[in-house]
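So you can see what is in the structure, the chains are spelled out below.
2 protein chains.
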Amino acid sequence: MNQVAEAESGQPVKAVILTSGGLDSATILALAHRAGKECYALSFDYGQRHRAELDAAAKVAAAFEGTVHKTVRLDLRGIGGSALTDDAIDVPTRPSEGIPVTYVPARNTVFLSIALGWAEVLGASEIHMGVNAVDYSGYPDCRPEFIAAFGELAAVATKAGVEGNPVKICTPIIAMSKADIIVAGTELGVNYGDTVSCYQATDNGAACGVCDSCRLRAQGFADAGVADPTRYA
Amino acid sequence: MNQVAEAESGQPVKAVILTSGGLDSATILALAHRAGKECYALSFDYGQRHRAELDAAAKVAAAFEGTVHKTVRLDLRGIGGSALTDDAIDVPTRPSEGIPVTYVPARNTVFLSIALGWAEVLGASEIHMGVNAVDYSGYPDCRPEFIAAFGELAAVATKAGVEGNPVKICTPIIAMSKADIIVAGTELGVNYGDTVSCYQATDNGAACGVCDSCRLRAQGFADAGVADPTRYA
Chain A
1 MNQVAEAESG QPVKAVILTS GGLDSATILA LAHRAGKECY ALSFDYGQRH RAELDAAAKV
61 AAAFEGTVHK TVRLDLRGIG GSALTDDAID VPTRPSEGIP VTYVPARNTV FLSIALGWAE
121 VLGASEIHMG VNAVDYSGYP DCRPEFIAAF GELAAVATKA GVEGNPVKIC TPIIAMSKAD
181 IIVAGTELGV NYGDTVSCYQ ATDNGAACGV CDSCRLRAQG FADAGVADPT RYA
Chain B
1 MNQVAEAESG QPVKAVILTS GGLDSATILA LAHRAGKECY ALSFDYGQRH RAELDAAAKV
61 AAAFEGTVHK TVRLDLRGIG GSALTDDAID VPTRPSEGIP VTYVPARNTV FLSIALGWAE
121 VLGASEIHMG VNAVDYSGYP DCRPEFIAAF GELAAVATKA GVEGNPVKIC TPIIAMSKAD
181 IIVAGTELGV NYGDTVSCYQ ATDNGAACGV CDSCRLRAQG FADAGVADPT RYA
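Top to bottom, those sequences are chains A and B. For the first sequence, the positions run 1 to 233 when my numbering is used. For the second sequence, the positions run 1 to 233 when my numbering is used.
Honestly, the hints are just simulated from the structure, not real lab data. Every value quoted in this text rests on a predicted model; they were computed, and no experiment measured them. There's no promise every hint is true.
For identical chains, the list gives no copy identity; a pair is met inside one copy or between any two copies.
Okay, derived cross-link-like pairs now, SDA-like style, lysine to any residue, Cα gap no bigger than 25 Å in a straight line [said to hold, decoys possible]:
#1 Lys14 <-> Gly151
#2 Lys14 <-> Val101
#3 Lys168 <-> Ala155
#4 Lys168 <-> Pro12
Use the sequences and the hints to build the structure in full.
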């Protein structure tokens with residue numbers, strides 16, 4: 001039995017969970033669900049290279065009973081500027097210096113903003129995001145200072161914020177290693193075989209094994225001593 | 001002849017201008033264009049009640065030579081929660097207390113976020129937004145404290161920010177009255193007949209005359225002593 005998280009009102013805490021279909025967000029959904037929160041999983045059809053991660057997000061959300069799942073369409077491909085939203089830019093298969101070309105300009109700012117809007121409509125008091133600043137690709141919008149700044153913004157941006165009830169931005173795995181995330185999720189029953197982390201997965205979700213995201217994931221399973229369920233192309 | 005605004009690099013300053021098709025954003029586009037900036041007008045097809053404002057935005061952008069215009073699709077109707085994105089909520093025709101139902105949760109946060117992404121792809125150093133905190137509808141995300149918080153966020157959210165070149169959020173008319181905005185724009189040659197401010201305009205852009213936005217606009221023309229070119233339904 002999950003405990004039920006209650007707000008001061010006595011109602012269950014509503015949380016919007018950014019759910020990409022990857023390993024990290026599956027884990028934070030499991031954590032919030034176990035804590036008894038009412039979970040509203042939010043995914044984005046933003047013009048990413050493959051749809052496999054959207055299929056994965058739907059599977060992940062369906063695995064946690066009572067979770068409401070919404071996918072918002074948003075055309076970031078119209079802006080481009082990233083290997084993930086412009087087919088003319090290749091996904092790197094070796095580690096690179098600095099911020100890599102898989103960085104999508106302002107993507108997490110955009111995702112959090114739309115989550116903020118949905119949270120306000122729902123009356124949700126929390127937004128959960130699976131950013132990680134340990135085993136990550138070096139994106140600026142995965143760092144604690146970014147999350148803190150977004151929290152400050154949320155407090156002045158919305159009706160709820162102005163009325164003294166700003167939404168809280170929760171990043172439960174930001175300081176965990178990939179191995180620790182995998183251990184925690186495995187204990188909570190996450191089926192990581194449902195998740196897709198690869199930047200250039202095939203349409204049926206098979207991973208390339210060589211992109212930055214695949215390398216971090218494979219190393220995480222190895223370090224955790226957990227069998228890696230990833231399907232490779 | 002316009003002056004040419006140059007960055008320290010000697011290149012013209014690139015500015016993303018949020019262009020809604022309304023009176024305020026037409027005026028800020030005129031101001032930036034007159035200042036010699038390279039203007040990138042950005043509009044959103046976000047599921048608003050009518051398309052007339054998108055047609056208006058295209059006309060406004062086309063009136064300022066060299067302006068690049070982009071419309072990004074984004075499904076805020078999937079989230080709802082506002083009279084502008086949910087047909088089940090009527091647009092009020094009388095002034096109301098507090099934040100009105102035409103407020104779209106987190107809309108300006110979302111718009112600025114996508115502008116931030118485009119600015120980064122373009123290498124633009126400025127984002128211009130026509131928010132106004134004098135003659136406005138009381139939305140939380142039109143206030144100076146919101147704009148300041150977004151600027152702080154932008155500085156930590158992007159590659160440009162991390163590299164010491166954060167984009168600047170410019171709100172040139174935030175402290176002006178509607179009448180002063182109309183006077184300034186008229187001097188710059190803005191054709192306000194091209195613009196649509198009404199929350200519930202007809203498909204061909206005729207205004208209702210009774211919503212909050214129509215009332216503020218009509219009062220502005222009256223106070224400015226400028227002939228009002230608005231077409232009413």
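Hint by hint, here is what the structure shows:
| no. | hint | in the structure |
| --- | --- | --- |
| 1 | Lys14 <-> Gly151 | within (17 Å within a copy, 29 Å between copies) |
| 2 | Lys14 <-> Val101 | between (35 Å within a copy, 22 Å between copies) |
| 3 | Lys168 <-> Ala155 | both (9 Å within a copy, 21 Å between copies) |
| 4 | Lys168 <-> Pro12 | within (15 Å within a copy, 40 Å between copies) |
When the structure is compared with the earlier hints, no violation turns up for any of them.
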